[in-house]
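Same order as they appear, the protein sequences are chains A and B. Heads up, the first sequence is in my numbering, so the first residue is 1 and it goes up one at a time. Heads up, the second sequence is in my numbering, so the first residue is 1 and it goes up one at a time.
Derived by calculation from the structure, the hints in this document are not laboratory data. This one's a predicted model, so the numbers in the text were calculated from it and none came from an experiment. Just to be clear, a hint being listed does not mean it is correct.
A few chain A residues that don't get close to chain B, going by computed Cβ distances all over 12 Å [said to hold, decoys possible]:
| # | residue |
| --- | --- |
| 1 | Gly27 |
| 2 | Pro129 |
| 3 | Thr135 |
| 4 | Ser177 |
| 5 | Phe187 |
| 6 | Tyr234 |
| 7 | Leu237 |
| 8 | Pro280 |
Quick list of in silico lysine to aspartate or glutamate cross-link-like pairs, EDC-like style, CA-CA up to 16 Å [what the hints assert, rightly or not]:
| # | chain 1 | residue 1 | chain 2 | residue 2 |
| --- | --- | --- | --- | --- |
| 9 | A | Lys264 | B | Glu294 |
| 10 | B | Lys67 | A | Asp222 |
| 11 | B | Lys67 | A | Glu224 |
| 12 | A | Lys44 | B | Glu110 |
| 13 | A | Lys136 | B | Glu294 |
| 14 | B | Lys58 | A | Asp222 |
| 15 | A | Lys264 | B | Glu110 |
| 16 | A | Lys141 | B | Glu110 |
| 17 | B | Lys67 | A | Asp75 |
In this text, a Cβ means the ideal position worked out from N, Cα and C, and glycines have one as well.
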Amino acid sequence: MITAVKKGKFRPGNLVIHGVFTFLALGCIVPMLLVVILSVSDTKSIVEHGYSLFPSKLSIEAYQYIFRSPKLILDSYGTTLFVTIVGTGVGLILTAMIAYALSRRDYKLAGIVGFLVFFSMLFNAGMIPNYIIFTKYYLMKDTYWILILPGLINSWNIILLRTFFFDLPQEVLESASIDGCSEMRIFWQMVLPISKPALATIGLMMMLGYWNEWTRSMIYIDTESKYMLQYLLYKILRNAEEMMKDSQVGMSLGAAEFPSDSAKMAMAVIAAGPMMFVFPFFQKYFVRGITSGAVKG
Amino acid sequence: MKRSKVMIMLTAAMLAVTGLAGCQSKEKAGDEKSPAASAASTVSASPTAKALEPVKLKWVLRIPTQKDGDLVLTEVNKILQEKINATLDIQFIDGAAYVEKTKLMIAAGENFDIMFTAPGYQFYENVAKGAFLPLDDMLTKYSPNAYRQIPENFWSAMKVNNKVYGFPNYQIAARQTTITIRKDMAEKYGIDPSSIKKLEDLEPALAKMKAGEGSDKFILGNLNVNQMDVMNYLKMETLGGEGTPGAVQLEGTDYKVVNQYEQPAFVNYVKTLKSWADKGYINKDLSLAKNFDELSKNGKILSMLGAYKPGGEAEVKARYGFDPVYAFLTEPLVSTSSVTGTMQVISRTSKNPERAMMFLELLNTDKQLYNTLVYGIEGKHYKKTGDNNIELIPNSGYTTNVSWMLGDQLNAYLLPGVPADVPQKIDALNRSAKTSRIMGFSFDTEPVKSEIAQCKTVVDKYKDGLAYGMYDVDSTLATMNKELRAAGMDKVIAEKQKQLDAWVAANKK
């Protein structure tokens, strides 16, 4: 590999570039670090000294507080994991299937189907029609289906993947069919394996989408054990706010336990943690994948 | 190249169509008023004489799901089946999702009978959409006792366009602006709260506490410049939401809407706060503190601004961790917004509105029914310690903690530390309190919605700084009023004036 900059040679320009990027990187890392540190800070030291990267006293009380009744968190963890894995797995296969069919030049309906996919990318019925359809006609209220199905297919992903499939060497596929491969076998054993980078990218995006999804839990789910993790987090924080509102009107008993600041931060760490570990694992595919459909040969 | 141009045109056309489609659906949602009328007319067929058909009622409440909810409902249904042959089902919704979920339920025309709501939960917006039934005829017919037991002026507060839409959850509504002082501090420094009649009288007390308690404590906290209690003290009433420009004087004969932030009383108030901040009685750090409760539990807060409520001592003790004494700055006052804080409404999608009203009658008159809903089952969720006194059992699986949301709060069993005569005192205070001269007026924000939002942004920017004496008063108020004017304040005030004039013409001779 040839590098543009020779080793050991000092250039003032590089210093500026390094400085800027160090600064940007710190801007990303420090807030995360602050959240982690606050989650292990003593509540009293937060109350007295405010948020600080160097707390006067450490304590794991916040985690103890959360895991004192771990059922709720474990339930939502389970729900989120289940929804994320099933949703990403099934969604990825379906997306790839549609995209592959659309990429084939001998598919006669490609124009119409492609238009429909494109159309639904631009148009969205909006929240209320969606709500009516899902609850009244599909009867998916308060089920796991509602958490998974609406996120399965995303037009943007289909178009991205189709563009990638366009670039596949058609000769390889042709020769496979000459050798007697069925269409299914070509798809599973030829197309999917060579498309790993693109699939990884889309898989990661879908996974993040599912992991961070919370509005559907809020709107459609009534049973606490089916809440997704992010919504549970949102709920705990918002409920404290709502309770404050009541007490300001001077009506509530107000004796309820508000989660302390450190408990909130601990929740954030618990909710975000796993994704932080998944992301670097996928990252090597990420850059390659997202640009893979960009230049058409 | 040619193709991409076509594409852009196509996209633009499609976006335009979506835009139009968006508008259309909105209009439609606001226009479905007719079903309300037809549902109301079916009510007139009186079922009371004959035996009642069994019905199911669905009640939407802003309470998180309760573990023992079903158990309690079984108990409640025993009472209900016997009395009105109905069974109740409660839809528990978290506070975090209440506005969104109820909005969608209403927009989708979902079936439910009764709902807890308040202006903060879109009461007026939903009335405008025709989501709720007017209750006037049903009230006297199916709920005569509960109707009588609530003071007349409360019902007028529930009116929108001269029709009653909400059933108030009767409780303290008289607001009395108060300085709450820690009892031990008052004793230590010889502060006589009854001698404090206006804000300026408080100053010697603050000075004593400041001198004696050093610098690590907050002498006076919980300050603001918008809230109802502050406006009451300044002898004004804000129309529409707190913190929106446009208020009328509490007393007087004309109904002139003015910008409260330019009134001499307001300027004086802010100047007093500023001088106290300069003397160290008010600490600007406190405006940033989100954890006021924790601070005061740790003994950091010595006094605060707020409202009084009979029996509130136990609540202050539970929430702030100290015994209070009160200095009253105003006479008690009942106004529209102090009454509409919590209520039940009946949905236009209700199949049995008359039975829902009968349920509300029971809820507000049957002590056992109400207390079961509030506290759960005796022996399992609470222990009786007297005829009317109870003690909660910790971690019992049914802790709604919201007697104020479920009905006539005066019927609630008393928790430890609340004196026995509190319900009577609250009732007496509500009835003896002065009624605002614009009781029953409610401001429809729709015509000036965006101006109000912009004005609120301006006010929000300055309110804490003004309340905690961070800025120079005259120059800041001048900038703020200039920005408010730019944000459309005059239009908001003109609209308020217009609606108020129409209301005065219709309701006052």
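Hints, one by one, checked against the model:
For Gly27 (chain A), the shortest C-beta to C-beta distance to chain B comes to about 22 Å, beyond the 12 Å cut-off, and the non-interface label holds. Not every CB of chain B lies more than 12 Å from the CB of Pro129 (chain A), the least distance being 7 Å, so the non-interface label is violated. Residue placement check: Thr135 (chain A) does not keep its beta carbon more than 12 Å from all beta carbons of chain B (closest about 7 Å). Remark: the non-interface label on Ser177 (chain A) is consistent with the geometry, its nearest Cβ contact in chain B lying 31 Å away (cut-off 12 Å).
The claim that Phe187 (chain A) is not at the interface with chain B holds, since no C-beta of that chain comes within 12 Å of its own (minimum 30 Å). At roughly 6 Å, the least C-beta separation between Tyr234 (chain A) and chain B is not larger than 12 Å, which violates its mark as non-interface. Listed as outside the interface, Leu237 (chain A) is inconsistent with that label: its C-beta sits roughly 8 Å from the nearest C-beta of chain B, within the 12 Å cut-off. Distance check on Pro280 (chain A): its Cβ is at least 32 Å (rounded) from any Cβ of chain B, clearing the 12 Å threshold; non-interface status holds.
For the hint linking Lys264 (chain A) to Glu294 (chain B), the alpha-carbon distance of about 15 Å falls within 16 Å, and the restraint holds. Using a Cα cut-off of 16 Å, the hinted pair Lys67 (chain B) and Asp222 (chain A) holds, with the two alpha carbons roughly 13 Å apart. As the CA atoms of Lys67 (chain B) and Glu224 (chain A) are separated by approximately 10 Å, the hinted pair is consistent with the 16 Å bound. Proposed proximity of Lys44 (chain A) and Glu110 (chain B) is contradicted: the alpha carbons are some 47 Å apart, above 16 Å.
Straight-line distance between C-alpha atoms of Lys136 (chain A) and Glu294 (chain B) comes to about 45 Å, which puts the hinted pair past the 16 Å bound. Only pairs whose Cα atoms come within 16 Å are accepted, and Lys58 (chain B) paired with Asp222 (chain A) is accepted, the gap being roughly 15 Å. Of the supplied pair hints, the one linking Lys264 (chain A) and Glu110 (chain B) is violated, its CA atoms being roughly 35 Å apart against a limit of 16 Å. For the suggested pair Lys141 (chain A) and Glu110 (chain B), the alpha carbons sit about 12 Å apart, so the restraint of at most 16 Å is met.
Restraint check: the Cα-Cα separation between Lys67 (chain B) and Asp75 (chain A) comes to about 15 Å, which is no more than 16 Å; the hinted pair holds.
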